[in-house]
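Student: Next come the chains, spelled out residue by residue.
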Amino acid sequence: MARLPIGRILFIGLYLLFVLVPLYWMFITSIKPSDDYLAVPPIWVPKQPTLVHYSAALFAYRGLQGLINSLIISLSATALSALFGTLMAYSFARFNTGGKHLAFWVLSQRFLPPVAVVLPIFLIYRILGLHDTYFGMIIAYTVFTLPVSVWMMFAYFRGIPKSMEEAALVDGCSRWMSFRKIALPLAIPGIVAAAIFAFIACWTEFFFALILTSRYTFTLPTVFRAFLGFQGAQYGEASALAIVSLVPSIILGTLVQKHLVRGLTLGAVRG
Amino acid sequence: MAQVGNMKQAGSLSRLEALSEWSDRHFKWLLVVPAVVLILALSVYPLLFSIWVLFVNYDFQIPGHAFVGLKNFQQVLVDPVARWSLWLTIALSVTNVAIEFLLGLALALTMVKTFRGRGLVMSIIIVPLFISPVIVGQAWTLLLQRPFGPTNYLLGLLTGHEVAIGWLTESPWLYFSLIIADVWQWTPFMFVILLAGLTSIPPNLYEAAEIDGVGDWQVFRRITLPFLGPMITLAITFRLLDAIKLFDTIFIMTGGGPGTKTYTSSFYLYTVGFTQFHLSQATAGSWIFLALTIVVVTALVRKLLEVDQS
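Residue numbers (my numbering), protein chains in the order written: chain E, 1 to 271; chain Z, 272 to 581.
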């Protein structure tokens, strides 16, 4: 443990301030009485904190419904994405299924501009009656997170030696049993990490939800539309909703911090 | 398998055996089927469907789907807003990624040696990565918007006279606001990847350089940069491909305005498709956008596969 030179401490300190000030101001706004909004000088520590904005955001602005919808959609999509992603990743890692091309094709889905995909999905959903339904959102988010799940798990499976599974095959296990009884239990930590990244991606996603939902299955991020365009009247409500939304994803993200590099680069870089 | 032994009828036994043998033989393909079917249904099929949309008039304000040839493309290509939004997308993405890279690299270099409290500092720095861009836009709106946000007041204290900048309504300040929100959210992306790169450089190289009395700048140029090279390419390309999708913070912070001053390509296509309901025109625009990005995407994915093989 070395002591840092003063210049570095200053730089890190300033950067931390840059990260924390917007979050602090948002939190303060969420518990500040509306009368204090325009106070000069600005009030950094409210004397009479209030929770009134939280109840307004959750009930009057249907934030609670958005929260429930987000939970249903994100959890279901995460489960499907982790399941199908793990199966595909195992096949890629052990059998090189489809060679480079299939893996390339799955990965390239991650980089398609959402606007190019979502427009036609919107048209098809309208025809099939999937617009503004849970099912429609869940499968859209499953596909949206599949590349991350597949590639993270691909990297993970390749880190697990093949020899035990091969021994099991020699002992007469079917391929499915050697996957389920040997490889899968070893991969659980990787699956949990990949699933958490998928969940955060769904939880924070805005563009798909904006277009594929409207009155019924709108997700938490889309509720913020309600606060646009009014000169500051609903700052407290917007802040309260933001706090409600960011706390779970920050906690989850911090839990998988050590997998972050793999998550961000789809397994290409080991952290 | 154990269950098989319990089966009484010989016929079903052999059928089950045949089935399990079949599934064993095609095991690797069975595993990829669900994911492939989903991607086909929700990515490939919509894209193919949209090829038809390209050449007809698919517009919620006009009934029917008459064949119009290349008119949809033409309308996008002659639209000055489309061109403006493409330039703005390029300019904003390049600026954002450049700042994020430099700041992320500086942070990574500062943080590479362990010190007391490093773990906590790391945890704070990466927080923005887990927040919805919508909320990031909202947070910066709260700080910047006149007259509510404290920014103008604080600047007034610093400069000594009253500051009344419309950070979200006046050019060029609104570009600055959009950039700072993006930099706030994505600098940690560069930071964590570059930090991982820095920690993988063998420390004995630095020790040797120290013994030889090589200066800091020379060490950075001769050791750090060459080793970090592939990681830098990866981080920048990765980030650039996400940066060109810029939409959420614009939607929240400026709504594309004033006028069309902050239209990015994504925002432009969204507006054409979902507020004007010229769906064919928006589809044509998104295919042009897709064609422009696909070149970069292909190059990146190839690169990723190479890194992966080594």
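Worth double-checking, as some hints may not be accurate.
What the hints assert, rightly or not - Some chain Z residues close to chain E (C-beta under 10 angstroms, calculated; not the full set): (1) V307; (2) M382; (3) Q409; (4) L429; (5) G431; (6) H432; (7) V434; (8) E441; (9) S442; (10) W444; (11) F460; (12) I507; (13) F509; (14) F518; (15) S537.
Calculated directly from the structure, the hints in this document are not laboratory data. Glycine is no exception: its CB is placed at the ideal position from the N, C-alpha and C atoms.
Student: None of the hints should be skipped; say for each whether it holds.
Tutor: Hints and how they fare:
| no. | hint | in the structure |
| --- | --- | --- |
| 1 | V307 | 8 angstroms, holds |
| 2 | M382 | 7 angstroms, holds |
| 3 | Q409 | 6 angstroms, holds |
| 4 | L429 | 13 angstroms, violated |
| 5 | G431 | 15 angstroms, violated |
| 6 | H432 | 15 angstroms, violated |
| 7 | V434 | 13 angstroms, violated |
| 8 | E441 | 16 angstroms, violated |
| 9 | S442 | 19 angstroms, violated |
| 10 | W444 | 17 angstroms, violated |
| 11 | F460 | 6 angstroms, holds |
| 12 | I507 | 12 angstroms, violated |
| 13 | F509 | 7 angstroms, holds |
| 14 | F518 | 6 angstroms, holds |
| 15 | S537 | 5 angstroms, holds |
The earlier numbered hints that this structure contradicts are 4, 5, 6, 7, 8, 9, 10, 12.
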